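There are 2 protein chains.
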Amino acid sequence: MIEILRLNHRLPRDCRITTHVALVARAFGAIKMYYSGQKDSEMEESVNSVVKRFGGPFDIEYINNAIKLINEKKDEYNIIHLTVYGLPYKKVLKNLSKNVLIIVGGDKVEWNIYKLAKYNLSVSSQPHSEVGALAIFLNDLHGDVKKFKNFKLQIVPNEREKVLKEFK
Amino acid sequence: MIEILRLNHRLPRDCRITTHVALVARAFGAIKMYYSGQKDSEMEESVNSVVKRFGGPFDIEYINNAIKLINEKKDEYNIIHLTVYGLPYKKVLKNLSKNVLIIVGGDKVEWNIYKLAKYNLSVSSQPHSEVGALAIFLNDLHGDVKKFKNFKLQIVPNEREKVLKEFK
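So the sequence lines, in the order shown, correspond to chains G and X.
Following the numbering used here, the numbering of the first sequence begins with 1 at its first residue and continues without gaps.
Following the numbering used here, the numbering of the second sequence begins with 1 at its first residue and continues without gaps.
Note that these hints are calculated values from the structure, not bench results.
A quick note: this is a predicted structure, and the numbers were derived from the prediction, not measured.
Because identical chains cannot be distinguished in the list, a pair is counted as satisfied if it fits within a single copy or across any two copies.
With a straight-line cut-off of 25 Å between C-alpha atoms, the simulated BS3-like cross-links for lysine-lysine are:
(1) Lys90 / Lys165
(2) Lys94 / Lys146
(3) Lys52 / Lys108
(4) Lys146 / Lys90
(5) Lys91 / Lys146
(6) Lys162 / Lys91
Use the sequences and the hints to build the structure in full.
Written out as structure tokens, the structure reads:
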């Protein structure tokens, strides 16, 4: 079970980045994304619209206390915080057998998060993007095995055309 | 030699996404990003500021004609267009021995791009993020081998602290 916690969502600055975080989470095996900061119904709607069309399971939920969520999860989940300052992620990846909660920051992550996380992990030790870091991490963690359910549309890979298969 | 072409940058909508595309490009082995659409000096500056602090080589350049650039590059570069509609990227990855120009879209990519690209490739065949797709693609293409030069700062991986090494 893979879940994501996106910290400190700010309006309007983070709308698209947080949407991308959620869609990457959905595509690469997570079943849920929590987010803290400012509630953003429009962002939730655009994520839910992808889930409705292209399938789930994937939920998005606003929470107002990230620390409380982490404390509730920490007995049953490996709490992983993706941060540029952390240890190289690859060394830890193979030891993650049980449930995983992956935390991705906004700009300023409070010190508590570093302390509460079981692992603070970096994808490359270079500054880039929480979207990119999460994508690489999940792709390596989960592989290509997520099976989507309840979709109305499916993309059919093609050399040069846009092919969508519709289900009724 | 890996270069990126980001299409149809729009202000202010794409500022942060395009910045993330550029930083992912830099972190995972590209040496240059071209972008078309609207010129954005602020975005260029925030990318250049990362290059100044954390090293290069990495250039960013605005171009007003993406098709012309592709036509100039196509004899010497494998032109790859990352699109959700394309073929699974993994099958092609091992055949990419020479220079690579990777095109990532904005929302509406003109039909010409699909035609001009040698390969239209998808990372997962699920809708998510050009940042996420580029990160996974470059990470698999390039691995961890980019050696940065001319940096003033370097992040030192740490279990729980933020450690930056400064060079003078």
